[in-house]
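Participant: Going down the list, the protein sequences come from chains A and B.
Read in order, the letters of the first sequence are residues 0 to 567 in numbering that gives the first Met the number 0.
Read in order, the letters of the second sequence are residues 0 to 180 in numbering that gives the first Met the number 0.
Keep in mind that a hint or two might mislead.
Stated by the list, open to error - Per the computed footprint, the stretches of chain A lying under chain B, defined by three or more beta-carbons under 8 Å from a beta-carbon of chain B, are:
1) 127–139
2) 152–162
3) 235–246
Hints listed in this document are in silico derivations from the structure and should not be mistaken for laboratory results.
C-beta: ideal position from N, C-alpha, C; glycine also.
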Amino acid sequence: MISNGKPSTINIILDGKEVEVPAGINLVEAAGIHGTEVPHYCYHPQLSVAGNCRMCLVEMGTPMRDRATGEAVLDENGIQKIGWVPKPVIGCGTNVSPGMHVKTKSSMVTESREGIMEFLLVNHPLDCPICDQAGECRLQEFATDYGRGYSRYVERKNVKPKRTKLGPRVTLDDERCILCSRCIRFCQEVVDDDVLGFVDRGSFSTLTCFPGKELSNNYSLNTVDLCPVGALTSTDFRFKMRVWFLKESPSICVESSAGSNILVSSREGKIHRITPRRNDSVNDSWMTDSGRVLYKKVSSDSRLLSASVSGNASSLTEAISAASEMFKDKKLGVVGSCKSSVEEQYLLNKLSKNLKAKKFLRGHFGKDDGILLSADRTPNLRGNLVTGFSNKYPSDQLSDLSISIQKKQVNALLVIGEDLSESGVDLEDLKSIPIVFLGTHQNATADFSDVVIPTLTSFEKSGSFINRSFRLQSFKQAIPGPVGLLPDLHVIASLINALCEDAEQSSDLASIWKQMSKSRTNPLHGLIFSKIPGDGLQLDGSKWNSLPFIEKKAMHFSPLKQLQKSKI
Amino acid sequence: MAKTVVLQRKPLSLSERTYLPQIVTGLKTTFSNMFKGKVTLQYPEEKPNIPKNYRGIPTLVKDPNGREKCVSCQLCEFVCPPKAIRITPGAVPESEDDREHVEKAPQEFEINMLRCIYCGYCQEVCPEEAIYLQDEYSLSGYSRDEMINKKEKLYELGGTLPDQHYKWDKKKNAEDEGNDH
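Bound-form chain B, shown alone (with noise of 0.2 Å):
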């Protein structure tokens, strides 16, 4: 057994007695302090800057043009690990000329944002570049079929992002102009 020492408690000296140090190191800090600029801020009327590689809420986006980029080819409802997409494919009508080559497009598209665990696998395994984890994170609703983001809210928060790439206009200029035969 190890044996026990008592210690003996250090008698206070006569500054320590007065707790005047101690009180004016404390100011000195809430004073410093009064002086700095704020770091806090009026959520939810301000707002932090978001970093650009933020993980937000996913959403689908368009291309320059106000196209539709979704194809619907269910990699990102694959790859969703708590499995929050659900989307239903259908076909581009093909009195839309301008997208009817692209062929492909979702019918319904939910993000059940219950579910959806911010991980941008979703955004990661896009072939199109369709669909990006943006900058908004505040999410609330009354019920849980508020929670299911639907194809308009979806756009609606997406929004336009800028393409490198325009695939399908290439496709269609090479569609129209065809090849010599």
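Looking at chain A on its own, in the form it has when it is part of the complex (with noise of 0.2 Å):
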């Protein structure tokens, strides 16, 4: 905007306030910036403009100027004459244009919206009961809000199909749908996978797939979330529980890292859904529905739930100095997580230093589907470089533990989560030396680890991660750990204070980024963990330009981004 040589704001006048917006945004997200709500089902700021619910409609007119000659066309008083257009115009198909009027709660609004709410209504059926969407449905919200509050309506309403499967995960009610074709919008520019359309044109117009298609691709339920009605609701969600009760808490998806920013809602200690929260240097509104169910995982059967010291229960301080005892006076290797908080990294790589460990590190990866779900399947690989824990990009084979272990420069493992049957470390090995395991589920390693702490996932505990682009986003917790366990920081500052000569490691959040922060040369230099903003940081990663990230292109993040940055 500013490279073309035009203004990059402009004032127009909003309900007779002059009211200053950014040029070239339409009506609806001009109100927004001022705090007036005008009310749309079809416009979503990240889908293109379709204008077809007509909910949004305001009063619009221009300065007036002659069109011979172009000058302003003044009234008796000398002021500029206003050319109102005659009919309300669609707010998210209007662009702000400098000196334009806009009228959002005249009489002709106010009718304009009653006159929709009700044709809206006609076929609506009175679901709300046992609709999955009621609490935070725009069309309960605005017939209350803008509508007229009873129905003139008396004769039947349309039927049409109810409970169809339109993919594995997504359930649709047409009677519910109000058309806003969102979904449809949502599947043609984000994902690009065309299947959703209407048919029966007319007062029985119906959602569908497309013959012989499904709505089955990795990012289906965002069309749920799309929906402004209950039109389109997740199966594993559905009739589960009511959303009024669900308490929302800013997490950070732990699929890839990629990041996806996301809201955790549970009641009472219990996850119910994982939705994606708008970030627009990250996610926009979008996350994959594989990150949606992980939250599954906190309450699996395979979940650690006890500490235990060679096969045998015990308590959480027992295995801590079990553990400590173990290491005494021994060559120690450290496999580090990529799946870890900074914070965690951090500690372990003080644990390490002060030992004078040697590091392992894991990378998980997978395909890359060039939106959000990114190849590199930890959320924090980044991290280990950050805090220093690394240096090298990791790989998913840990062959130089094998040669440490055979070579005896290790003689004792301490494994942060990671299984490491998988990783192409000999059995026989690893069984040769003691081993303690710090993790949240119980695999293969943890079978035959001498101590196992159990830990907490990351909806359990706060900390932070660096994503893709190098970009720092905190998460809170969002519901209470099982009973009796401890946040990871908590076990391995115990650690370090049981094995370092005078050390008084806190576990603390804020104490740690004190620590981390000191160095001049970190990219998270002067930074507090308090103080992180809610939609992230962005570092700067130029100086691991040279490692082989593995990500593709995808949104918001292109691998030569770093390297561009640099340069400049």
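Assemble the dimeric complex from its two separately framed chains, guided by the hints.
Facilitator: In structure tokens:
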């Protein structure tokens, strides 16, 4: 906008008051910036404008100019006349222009909204008691805010297909659909998987999948979030819990290095669903379907719930002291994790440095889908680089660990969550040395570890991750952890205190950040945990440009970004 | 300081000294009540007539066709001031032909009668007219568990009430007939 010589902000007159808005935005956004709600269904800031719901009708006028001469037309008082458009216009499809007059509260606008609401409600079923959208339904909200308040319709409502399975994860109720086409546009524009469309045009317009296709892409559940009414519902969350009971906590998805911003909805310590949180620099308003089911791991059967020393259940303090006893005067090896938070990696690095332990790190990789599922399937690989735990790009094989054990360079092992049996390390080698395992879930490594210390999942603790574009994002505890378990930070800090001479390591996030942000050469220099913004903080990752990062170009991410930055 | 006045007690008259008028007045009340009808009840053998709008134990009712009315919208759970209600929602299985279109029904419905304060908000908020505070008021149990009314108990207590709307029947008819297309 600046480049073409036009001003980046302009003034418009909104409900009689002159306000400054960015140039080029539409009236819904412009009014929103100044706290005036223009109700809308089909418009979504991250999708194209369809303009078919007609809910955002407003009155609009522009300063009058003589068509022939281009001079301003003045009234008898010498003020430029306003040419009001005789009929209301849609706010989403009208962009602001200098001096534009907009009325969002006039009687014509109020009547238009009442009329549109009445039409939308004519065939809408009275399903609210059984509808999962109730409580977060735009139709409910706008019907109370802008509707007439009563119905004049006495004929029978239309009957349309109910309980249609659009795909493995999405169920459709066509009667509830208000034909806003957000889901159709999402599939076309964001996922590039054109499967949805309207058929039977007219009063019987019906949303369906095209013949032989189904809504099965890994982003299908975003259509459920987009749906302003309860037409598209998540088969997993269907009839599980009413939304007004749910407490929403901001968090970060741990599925891949994309680091999608999420909201964790829980009731009384039980997670019921995960939905995306808008962050225009990371994930817009979307997330993967596969990331939404990760909450099920929190209470899965394989969850480690009590500490054990050589196979016998013990208390957490006993296990920690047994572990530190085991590590005394040993050549320790530490297998870190790309799934740990930045703070945990920092403490683990501190522990390794103090004990002169050898550090190992394993990456987890998969296929890149070019949107929000990156090839690096860990949330915090870059945290290891920034905290100094590792300076090279990890592979998914730990061949150097095998060699170190065979050469007797390592004769005790601390493993953070990693399953070594999958990483190409010889099991016989592993069984010959004492192993302490810190992790959330049972795996083959935990089975033969001498000390197992259970830890918490990312939903149960606070911390931060660094995503694929070196964006530092913090997450807060959403639910309490299982009884008797302590955060990883506390366990690692206790190990440091037990093993290192005159160490007084606190497990408090604020004090860890104080230590972490001291170094001037570190990208984290001068940062405070509580001051990390809700939408994250971009770090300078140009230091690591030479590493072979595996991620491909994707949403808000280009692999060359870091390179370009360093050149400037 | 206020001045203290000592009152002199009046001497009693002869009739007052005999106590007879007082005894007679008392006996009059006694004898007059002897011939009136009983006002007490032999509770628990006899029970009082409960007025129609009485708020007794909250119960779940069935519609005249004997079908569950509650759709587990959980509004009563939300509105309940002492948090006595706890619902586990569930789906109506597709095998139930006459109720499948209702889609949702409670898997479990618990009302903790140790918590319930008989305010009647649940009845007022229910969009399906499925929960009623009826005329039953006496409730006892040997354990805390017994005082939590489960779904079966609630339906047993509730029985069937006349329905004005037949909402789900209408819906079923519409679905069966469909529209002219």
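Participant: Each hint needs a verdict: does it hold in this structure or not?
Facilitator: Evaluation of the provided hints:
1. 127–139: It holds, with 4 qualifying residues against the three required.
2. 152–162: Holds: 6 residues of the region 152–162 of chain A have a Cβ under 8 Å from chain B.
3. 235–246: It holds, with 7 qualifying residues against the three required.
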